[in-house]
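**Q** Combine both chains into one complex, guided by the hints.
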Amino acid sequence: MLELRLVQGSLLKKVLEATKDLVTDANFDCSATGFSLQAMDSSHVALVALLLRSEGFEHYRCDRNISMGMNLNNMSKMLKCAGNDDIITIKGDDGSDTVTFMFESPNQDKISDFEMKLMDIDSEHLGIPEAEYHAIVKMPSSEFQRICKDLSSIGDTVVISVTKEGVKFSTRGDIGTANIVCRQNKTVDKPEEATIIEMNEPVSLTFALRYLNSFTKATPLSESVTVSLSSELPVVVEYKIADMGYIRFYLAPKIEDEDEEMKS
Amino acid sequence: MAVVDAQDILGQIQLLVVDKLQVVSYKWLSRNFSVSSDHAKRLLQEYVDKHGDEVEVIYSLSGWLSNNSQTFCIKLASSEKLEEAKKKFDSHCTVHVYSIQACIPQDLAVIWNAEFVQAEELFDQPPTAENCLWNNRFGAISNPFVNRVVGGKSAVVSIDQPKIESGIALKTKTEDVMKDVCLQQPFKGGNLGTKEDLKSSNAGFIEKTAQNVDDGNKKPIPVKESTNPLQDHKKGVLKDKDSSESGGSLASLWGRASLKHKHSSMVKDANSNIPCDGCHLDTADAQIFAQEAAEVASSDDDEFARIPSKRDSNVSGTRKRQFIMHFSDEDDDEDNVVSLASPEPANANSRLHSSQNTKKVNKEKEPKTDSLVSKKDMEKSFEISEKSSNASMPKEENNIRNDLNKTSEKDSSSVSSKRKKVVKTRIDERGREVMEVVWEESGLSKGDANDSPTTAAEKRHVVTANKDHVTGNYAPVNTGSKAAAKKPGRVGGKDSKQGNILSFFKKI
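Chains X and S are the protein sequences, given in the same order. First residue of the first sequence? That's 281 in the numbering used here, and the numbers climb one at a time after it. First residue of the second sequence? That's 459 in the numbering used here, and the numbers climb one at a time after it.
If you are wondering where the hints come from, they were derived from the structure by calculation, not from laboratory data. Here a beta-carbon is modelled for each residue, glycine too, at the ideal position from N, C-alpha and C.
Chain X residues, not near chain S, derived (Cβ > 10 angstroms throughout): (1) Leu296; (2) Ser385; (3) Ile401; (4) Ala458.
Computed beta-carbon distance windows for the label pairs: (5) X:Thr304 / S:Asp582: 28 to 38 angstroms; (6) S:His509 / X:Ser433: 49 to 59 angstroms; (7) X:Met399 / S:Ser537: 31 to 41 angstroms; (8) S:Gly469 / X:Phe394: 56 to 66 angstroms; (9) X:Thr313 / S:Ser537: 32 to 42 angstroms; (10) X:Arg426 / S:Lys964: 33 to 43 angstroms; (11) S:Asp507 / X:Pro482: 41 to 51 angstroms; (12) X:Thr304 / S:Lys508: 42 to 52 angstroms.
The following block holds chain S by itself, in its conformation from the complex (with noise of 0.2 angstroms):
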C-alpha cells in the first residue's frame, strides 16, 4: 500500500476541501490514500483542528441511546448539532469526524457521492489490481480460515478474496417467512462485495457477528485495529448513503435503500443493526439470497463440509486474523465453522446461484432477471421502520472485540498456487452484481512472488482513484445525487462527454 506522508494528505485534503469542493469523507480518504480508516479520521481530525474555521464539519457519533438503552444509533452530525445530538446518547459515545467540506451541502447525497464515485472506479478495476476494496486491507472483521501474508503482494485475486462478505440468509421453520438476514464479513471493505449465502440457519452465529460489529463500533477510534468496513457503513442518520456506495443508477440505489430500512423493521433481534453496519446493498442481497436459500436449503452441508481446508495453509511469518464466533443456537452446531477462503464454498456458491440464477453468475452485463423480481418481491413484503439503526443486544461481546483489536492490520491475499478459481465481482452499469468464475492461469499468480507487477497495478490504483477527484474541472465532483445516477452511462471511446453545468456554477 502505498504510504502517503500525513503531511502530504493534509495538503491534499486543503486542496481537495477549498480548491475543489470536495466533501472528504474518511472513508474517501482512507481508500484514496490507501490508509486506515483510523488514521484517515486522525487526520482529518488534525486539519480540523488546524483549519477548523474554514470547514464544515460532519461527525459521526455513535453510541447507545440514552432514552433507550436497548437502541445502538449511529449519527451524522454537523459541528453545530453535535452537542445537541451527544445528549441523546448515553454517557459515551463515540465522535469521529465523518467528513470535512466547504460548506453543507443542500442536497444530502453529496456527502457520499465522491465516495460512491470512487467505490465505483475501484470495483472497475480489473481483479488483478491491487486494491483496497478487493482485499479489504482495512477490515476489522476477518474470518479465521483466510490467511493473509504480512506484506506480501499479490496481483492475484484470489478465490477466497472476492468472496468474503456475506449475505447470511436465515430462514425460519415456516419458509416463507425470512427472520434474519444478515451480513457476516464486509472482508472487502464491505461495499460492493461478493456475497457468501450461507445456506444455513444460525442465528446465534449471526446475533453474535452483529454485536461484534456494533462493539467494534462503539470503541473510540480505536488505535491499532482499523474498524473500516465497520464504521464506513453505519450512517444511521443518512442510511442512503450505505447504498449509494453500490449500484449504478441512483433510482436503484433509493430502491435498495428502502429494502434496507424494511429488513430492518423485520428483523426483530439483534441484527436489525446490521443494515447499517456491515453491509451497503448487501442486505438487499441477502435477501435474495434468503430466497434462494429457501429454495436450495438442501445444499447446506456440501459447503460446511470442506471448511477447515485452508486452515493449514498458513504460511510462516503471516499474521492470523481471528474471529471467534459463539453459538447460542445449539441446533445448528455442525454449521457453525464457515470457510471463505476454500474454493470449494466458490463452488457450491457458484453452482447454486447457477442453478438459481445461471445469468447472474456467468455472463457479465446480464440482467440478472430472477433476483430482481424476487427482490422486488421481497421489498413489497416488507414494512417500512423508520428508525434508524438500533438494536437490542447484549453487551457482552467484549472479548470478541478484543480478539479483533489484536488482529492485525495488515493483510494480503493468499498465496495459491497453479490454476485457481477466481471469483470476479463486479458492478454493472445497471447497479447490478455480476459475479463471475473464471480460471486464472499461474501465470499471473507468478506475480505474487515478483513485486514489480503488483506495485505498478497499485500505483495504477492510486493514480485512478486520485484522478477523478483532483483533476478535471469538469468531473462531476461534487455534483450531487444527478451527476452520479448519469455517471455509468458513459459513453466509450473517444466521444466527448456532455459536461454539468453544476460543474461550472456552485449551489448557494
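With the rest of the complex left out, here is chain X (with noise of 0.2 angstroms):
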C-alpha cells in the first residue's frame, strides 16, 4: 500500500516537465524514506535523480519498498489534467500494476481521479559515490538557462571554466565564438540571486548544449542552480526541490579521444 500526498502539486507537474525530455521510462522508488527516480537518458550520457523527501509530503505511507515503471510521457500527460494549486496524492496497491493519480482542488470541491498503467522496466541502477567537487558554482537558474540557451545557438558544446576570475562558458560554431563570464557577486539584496563560486582548483570542461538545455527545463523548481565540476567526474547540475528535496542532473563531459589520435 502506497499513499503520498503532495500538497504542492504543482512541484511534482515540474519535476516531469524537467524529466520527461530527457527520459522516457524510469523506474520511481517509493520507500520510507521519499520518493526518488533514478534514469538515465537513452544514450547513457546524462543521468538524472530525484529526491522527494518524505517529510515534504504532507501524508507519506508506503508499506514496503516499491518500484513503479512508469512512462513519463504519460505520467506527465495525467499530472498536467491537475491544476497549479491541486494537491496530488499518489496511490498504489500491492501487486497492482496500475498507479492512481488523486487531483483535488484547494477548495476540495473538485476531486479527479487518473488511473495509470505501470510498465516493467529494465533499469540500471547506478551507484554514484559522494565526491570532493574541484569547483562548485551556485548561481540563479534563470542566468544558467539564459547562458545554455544562447550559447547553444552559437554551438553545440560549450566548455565551462572555473578560475578565480569567475565561471566562463565558451562556445563556438560556425558563425563565430562566444565567451560568457559570470563573476562571482555575493551582494545582492535575495540570496537566490547570488553568483558563488567554490573553487579548489581550476577545472575546464566540456560538455554538449543539448543536455544542459535540457536540464534547464528544471528552472522552475528553484531559484538558483549548483553547478559541481571536477575534471574526472561529471558535471552535476543541481536544483533544490522546496524544502524536500533536489532533482540533480549528471552529464558526462565529452573528452579527446585517445583511441582516435593513436589510429590516425
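**A** Laid out in C-alpha cells, this is it:
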C-alpha cells in the first residue's frame, strides 16, 4: 500500500516537465525515506536523480519498498490535468499494475482520479559516489538557463571553465565564438540571486549543450542552480526542490578521443 | 608474438579486474597478450586459485548431457552454480575458467564486451600488422594445404590467410532447402573471418568437421594444442556472445545471434552444434553463401581443381598442420579437397562474389544490399530454436583430434613472392564484412625477410590492444552493450567524444 499526498502538486508537475525530455521510461522507487527516481537518458550520457523526501509530503505511507515503472510522457499527460494549486495524491496497491493520481482542487470542490498503467522497466541502478568537486558554482537558475540557451544558438558544445576570476562559458560554432563570464557576486538583495563560486582548483570541461538545455527545464523548480565540476567526473547540475529534496542531473563530459588519435 | 611473463600477466589481470573492473576472459587475455588460449585459461585458473575470493568467476563447461547423451552442450556457469551445472553433464565434462570479473554483471553483454571491442580493434588494423586474428596463431583447426613457417614472421598477410574461415554452404537436391551450413575452418581466430564459401555439397565433410571441432572441445584443457578458436565460440549459454564479437552495431548483432539459433534448428544432423563452435557471424554469412551457392552451383569445380597447387611449397623446417577429413558421402568425392592456401580459390571466390555481389567484394563500406536482403529472407524462413548447442553425432573421431593435437601451435604466414593478391577483410562501421581483393607489391613482402617491420607492427598491435583497456577512464570498458553499439560510430579526427555516464558510475 502506497499513499503519498503532496500539497504542492505543482512541484510534481514541474519535476515531470524537467525529466520527461531526457528520460522516457523510468522506475520511481518508493521507500520509507522518500520518493526517488534515477534514470539515464537513452544514450547513457546523462543521468537524472530525483529525491522527494517523505517529510516533504503531507501524508506519506509506504509499507514496503516498491518500484513503479512509468512512462514519463504518459505520467506528464496525466499530471497536466492537475491544476497548479491542486493537491496531488499518488496511490498504489501492492501487486497492482497501476498507479492512481488523485487531484484535489484547493477548495475541495473537485476531485479527479487518474489511473495509469505501470510498466516493467529494466533499469540499471548506478551507484553514485559522494565526491569532492574541484569547483562548485551556485548561480541563479534563470541565468544559467539563459546562458545555455544563448550559447546553443552559436555552438553545440560549451566549455565551462572555473578560475579565480569567475566561471566562463565558451562555445564555438560556424558563425563565430561566444564567451560568457560570470563573476562571483554575493552582494545582492536576495540570496537566490547570488553567484557564488567555491573553487579548490581550476577546472575546465566540455559538455554538450543539448543536454544542459534539457537540464534547464528544471529551472521553475528552484531560483538557483548549483553546478559542480571536477575534471574526472560528470558535471552535476542540481536544483533544490523546495525543502523536500532535489533533482540532480549528471552529464558526462566530452573527452578527447585518445583511441582516435592513436589510430590516425 | 610477444612473450609476456606469466607473473606480469597476472599482475595485469589484477589491475584490470580489480581496478578497472573489466571482465577478463581467457579469450581476451589470449589475444591481448598473444598467448595461447590454453595458456590464458591456465593463467586465469592460477589467478582464481590465488585470488578466487576477490573475484567472481565464470566457468565454461562442455560435455555430453547426462539426460540426453546425444546432446553436446557448452554452458557458462558462475562459480556458485558450477556444481549444479556439472550435474547436467555426464561423468566427464570439461571445465575451465571462462572469465573473471569483479562482479557478475547484470547485463550479460558486459561479459563479452571487452572481447568485442578487442576483436573490433584487431580487425581494424591494417592487414600488414601482425595480429593474432589474422593469422589464426592460436587456431586449432588447420588445413593441410596451408603451410606455416614456424617462428617466421611476415608483414604481409598473404592470400591464404584471411581466406580461411570457411562457410561451407550445402544444399540438398531441392535447391530451396538448405540442409547444412557449416563453417569449416575458423582459421583466423574464428571471429570475423573471411569466408571461403565452398560451393559444394559435401555432407560428410562437414559432419566430420563438426565432430572434430567438438572433440577438440571435449579435451580437458589440452596441453599442447590450443583450441582457442573452437572454445572461443562455443558458449552454449550465451549464444549472443558469439555474434557480439564480430559486428558493428548491436542491433545487427542480436539479429545475427537469432539467425544462428534458427540456423541450428534447421540443421538436422551433427552440424547443429556448429554455430557455437566455429563461427560467430559466420553462420549468417554462410547462409548467404549458401544462397549464392544455389545460384552458382556450376562454379564448384573451378575451385577445387586447383587445390593442390600449394602443397609443395613447404619450406624445409616448417611444420605443417594437418586436418584429416573423412568423407562418408561418396557422391562428392571429387570435391573433397579444399585449398585455402592458393590464390586461385581466392580469385574464384572473388569472382563468385563479384558476380553475385560486386559491391561487397570490391568496395569498402559499400552497402551489401543483396546479401543483407537475402540474409533477412533466410532469417524469416527459419524456425527459432531454444536449444543451445546440441548435436547428435558419433563419438568416433578421436583420430582427428589426435592429429590436431600434434599440429603445431605456432604458425606464421606462408611466404609468397612478388606481387600477390591479398584479400583484405574488414568489418565496416555498420557491422558488415567487406572483402577486398588487392594486389600487393613485392616491396611489402620484403618485410617477410626483414624482421624489424614485423616486430614493429606487432608491438603496435600489442599497444593498441592494451590501450583500450588499460588506459583511459573514459573508454567504454565496462559499459555494456550500448557502449559497444555506439563505438562504431566514432567521430573522426580530433573531435572530442561524448563520455559515457557509465564510465563514471558503477552499476549496483
